[in-house]
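Just so you know, the sequences run in chain order A and V. Under the numbering used here, the first sequence has 682 at position 550, and the numbering climbs by one with no breaks. Under the numbering used here, the second sequence has 918 at position 59, and the numbering climbs by one with no breaks.
Check before you lean on any hint, since a few could be wrong.
Unchecked claim - Quick look at which bits of chain A chain V covers, simulated, 3 or more residues with Cβ under 8 Å:
| # | stretch |
| --- | --- |
| 1 | 300 to 308 |
| 2 | 326 to 332 |
| 3 | 425 to 432 |
| 4 | 487 to 497 |
| 5 | 759 to 771 |
| 6 | 817 to 824 |
| 7 | 829 to 837 |
Claimed, not checked - Derived DSSO-like pairs (lysine-lysine); straight-line CA-CA distance at most 27 Å:
| # | chain 1 | residue 1 | chain 2 | residue 2 |
| --- | --- | --- | --- | --- |
| 8 | A | K315 | A | K476 |
| 9 | A | K449 | A | K144 |
| 10 | A | K620 | A | K314 |
| 11 | A | K620 | V | K1029 |
| 12 | V | K908 | A | K818 |
| 13 | A | K734 | A | K720 |
| 14 | A | K818 | A | K785 |
| 15 | A | K720 | A | K295 |
| 16 | A | K314 | A | K449 |
| 17 | V | K908 | A | K823 |
| 18 | V | K1029 | A | K314 |
| 19 | A | K620 | A | K315 |
The set of hints was computed from the structure by calculation and includes no laboratory data. This structure is a prediction, so every number in the text was calculated from the model and none was measured. Think of the CB as a built atom: it goes at the ideal place given N, C-alpha and C, for glycine as much as any other residue.
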Amino acid sequence: MSVPFTVEQVDKSRVSRRRATFFTLVFLLTTLASWFMADLLWRGPSNYADLPVLVLFAILFANIATGFCTAVLGLYVINRGDSARITRSIEGEPLSQLPLGSTAIIMPVFNEDPSRIFEGLRVIYRSLEETGRLDDFDFFILSDSNDPNRWIQEEVAWAELCKQLNGFGRIFYRKRRVAINKKSGNVADFLRRWGSSYRYMVVLDADSIMTGESIVQLVAMMERNPTVGILQTAPRIVNGITPFSRIQQFASRLYGPMFLSGLNYWHQGESNFWGHNAVIRVAPFMEHAALPELPGAEPFGGRILSHDFVEAALMRKAGWKVWLAYDIEGTFEEGPPTLIDSAKRDRRWCQGNLQHSWLLFARGFHPINRFHLLMGIMGYVGSPLWLLFMLICTLHRFNTVQHAADAADAGPHYTMIFDYAVPMPEALALFILTMVLIFLPKVLSLGLVLKHGRSGAYGGPFRLIISTVLEVIASALLAPINMMFHAKFVAYILLGQGVSWVTQQRKASDDPDWREAIITHYGQTLFGLVWGASTYIIAPSFFWWLSPVLLGLVLSAPLSILLSRASLGRRTREIGLFLTPDETEPAKELTLLDRHLAECYKQMQPIRELRRDYGLMQAILDPYVNAVHVSLLRQRRPGSYSVRRYFVELRRKLLADGPDRLSTREKMALLLDPESMNWLHEQLWKQPPEKLSPWWRLAMRQYNVLTATPVTALYR
Amino acid sequence: MEPPLDTLNAFRPRTGTPEQWNAAYIRVEDYLRAHRVHNRLQQITILQKVIARAAARHEQDTTLDPTTLAAEEIDRMMDEWFGELLGDKNLPHERIAVEGRVALLLSDGVDRWPYSFLDEQCVPPEFAQEMQRRSIQAGPDMTVTSMVPRTIELGALTEVAGQTFEQIEKWPILRVTLLWALFLSVMALVFYATR
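Let's have the full structure, built from the sequences with the hints guiding it.
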C-alpha cells in the first residue's frame, strides 16, 4: 500500500531549485531592461537625473518582473502539472472518510450588513451540514460593531438564525465591550476565551463564503500535514454588481489561476496568510503569533494593522509551515463596489503594509517571508516611485528639449543587443519589453481558457475576448488613478497624517454620489491637466507617450462614477460582458445566498422617523429583543454613586426627550448596561403617554402594526 | 342558546375617566402586539382581564395612573405565568421576565399555540416542554488561556531607527522640521538634477 502524500515529502532541494529559477528569471529580466535603460540614458546628453532615473527604473521593473515570472511559471505548472501541492494529500478521498479535528469557524464583524453576515453564515452552515461532518465544527460571530443599530440587528439575526437552524449550542455570538486592536485583537480575544477548546480555526471575513466541502477538505489537509500551521485558500471574488467590481472579479477569475499556480511554485511551505478564508492550527498560533507593538506611534508605528503577513512570518519562524491551497474550489469573497471604496480599503492596507518596513530585518524571519513583506510594501510604495520616475522623466525631457533643436532626435534610432544593432529606437524596445511583461500574462491566461475550451463559462469566445480588451483598457485607465491614491496615502502616512473621507458608501447603487467623486478626484484631474498641458506645450512628442496616464487622471471623476453605476453593471451582465464561471455556473451556495438576500432586502423598511434609532428602539421596546439583548450582556457589579446617577440621568433623558438627545456613545453606554435595559423596557411600557417623548409614543403605536413580525435582518 | 349580553357588559371601571382607561387599553394592546399577539379574540380576552385587575387596584388608590396600573398588571400576570411554566416561581421579576420572554421567543409559543399565551388553565404539555428546554447560550464554556505577545527582534539597524523614531516623536517641532528638510532636499535634488 502506498504511503499517502504529505508536504514533508516535498524535496527541499527541489524547492531551492524552484526559487533559484524564479529569482534568476526576475534578475535576468530586470538586468536586461536596466541595461537598455542605461544605454538609452547614457547615449543622450549627460544629465544628473540619469542615475536616479535608472535606479528607480530598476526597482520598478523588478517589481513588474516578479509578477511576470510568477505568471510564466504558473503557466508552466498548469501545462505540466505540479506534484508539490498540498491538495494532493487528500486527493480522491471521499469527504465522509477525511480525518477532522475540532474546529471553530470564526467570523469577525464590524458594522457590516447583518443580513449579509447571517445569510452567508446560514449558507455555510447548511453546506457543512450536507457534508455530514457538522459535528466537528462550531461557529462564532465575533462582533466589534459600535453602531447601536447594527449591534442589535446582529443579536436579533443571530437568535433568529439559531432558532431556524436549531443552531443553539453550535452557533455563538460574542460582542466585545471594548474593541481593542481591531480585527487581530478580536481574534486574539476569541483565542484567549475559547481557543484551547479547538485544534483549528477557520477564519472568515464578513463577506466570505466557503462551501462545506472546501472547509472539510481544508481541515483534513491540516490533519494530514501536522507540520502545517496555516493553510490559505485563494478566494474568488464574486457577487459584483457595479462595472468596477465586475471588472475586478473578471480579472481575478481569468488571470488568477496562472498567478496562483506560479505563487505555489515558488512559495511552497513559506507561503503567506491573507487574513481570511484560511485555516489555522490554534495552539502554535496562540503560542507564537500574538502581535507585539512596533516602535513609535501610529500611523507608522504602534499596533500592527496588517497582521496577516506578520502572523505567517511568526509561524514560519517558529518552524510551522504556511501553504497555499490554491487549487481548492468553493472559497469566495466580495470586492469593493466602487473605485472610491477600493481606495478606502487601500488606505488601511497601505498603512498596515508600510508598518512592515520595521520587520524587514527582524531576526529569525525566513527570507521568503521578508520577500512577502517587501512585496506588500512595494505594492504601495511602488506608486510614488512610479510617479517620481515619470515626473523626473518629464523634467528630463523638458531639459532635453531646451538643449536640442529637435527633441524627437534626442534618442538613438537603433537598439544594441550585444554587438547587433536592431533597427528599432531603443526607447520603443524598452517600452515594448515593459508592455510584454504587463500584458503577456493576460494574453496567456486568455489563451489558456480558449485552449481548454472553457470560454463558454465566460460567455463564449467572442464575449471573452471583448471583455478582456475592455478590462485591459479599464485597468490601464485606473492604474494612474490608483497610483495617485497610493502616492497620497504613502506621503500622508510618512508625514504622520491620516486621510479624511467624505461619506462612505458600502452597497452598489444606481445613483452614485457625484459630490464624493468630485471631492475625491479633483486633485487628480487638476494634476493631470497641468501635467498634460505643460508636456503638450514643451515636448509634444513626449505628450503622446504620457497620454494613457494623463487620460486616466483627467477622466478620473467621470470614470469613477461610470464604473460605480449598478445599472450599468447589470447591463454588462445581461449582454454577457465580464462574465465569470461563478456567474454562469455558480456554486449552489452562491445561488442560495443571492436568493436569500433578495428576500431579506425586499422586506419593508421601518418608517423614516424611527429608522435612525431603530436598533435602540427594538432593544427597549420589543419584549423579545430586550430579553435576548439582556441575556447576552454580562452582569456588572453596581458602580459608584456617580456612575449610577449618570445612568439614571441618561435613562430619564432617553424616555422623556427621545434618542435624538443622546450621543452614540451615550446610547452604547445604556445598551451595555443590563440594569438600564431592564429598567428602560419596564418604564417605557409603564409610563403614562404624557411622560414619554413623541418619538416613543409613535414607536409604540407603529411597532408591529403593518407586519406580523418586526423588521429584522433575517426574515425566513 | 345565545349568552346574555349583560355578562359581556358586566365589567366597567368604577373610578378614573374613560380617557384614562382608553389610554390604558391602548397601552396593553400595543404591548400585546409587541409580543406578536395579533389574534384579536385572544387580545380582547387578555385585555379584559388586565383592565379588570387594574381597575380593582385603581379603586383602592385613585391617584395612580390607569396606564401604569395596567402595565404592572400584565407584567405580574406574565411573571406568574412564566413562573408556573418554567417551574421556578421564586426568581426575581427581572430574571423571570427575561428568561420567560426568551423561552417564548425561541419556542415560537405565541404563533404555535395562539390561545395558550397567558392561559392559566390549559397549557398544552408540549408547549410547556418547549418553554422549559429553550434558553440562550451565546458562547460555550470559557477555557481562558493566555496569549502573550513575544518581542520581535527587529535587527540592529531597525532597533536604532526605532529608538530614533521614538525620540523624534517626543519633539514634534524637530519632527516637522526634519520632514520639511527632507522634502525640500528632495525638491532641490530633483531641481538640480534636471536643470
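Results of checking the hints against the structure:
no. : hint              : verdict
1   : 300 to 308        : holds (count 5)
2   : 326 to 332        : holds (count 4)
3   : 425 to 432        : holds (count 6)
4   : 487 to 497        : holds (count 7)
5   : 759 to 771        : holds (count 5)
6   : 817 to 824        : holds (count 5)
7   : 829 to 837        : holds (count 5)
8   : A/K315 to A/K476  : holds (17 Å)
9   : A/K449 to A/K144  : holds (17 Å)
10  : A/K620 to A/K314  : holds (24 Å)
11  : A/K620 to V/K1029 : holds (25 Å)
12  : V/K908 to A/K818  : holds (17 Å)
13  : A/K734 to A/K720  : holds (22 Å)
14  : A/K818 to A/K785  : holds (16 Å)
15  : A/K720 to A/K295  : holds (23 Å)
16  : A/K314 to A/K449  : holds (24 Å)
17  : V/K908 to A/K823  : holds (25 Å)
18  : V/K1029 to A/K314 : holds (26 Å)
19  : A/K620 to A/K315  : holds (25 Å)
In summary, the structure agrees with every hint in the numbered list given earlier.
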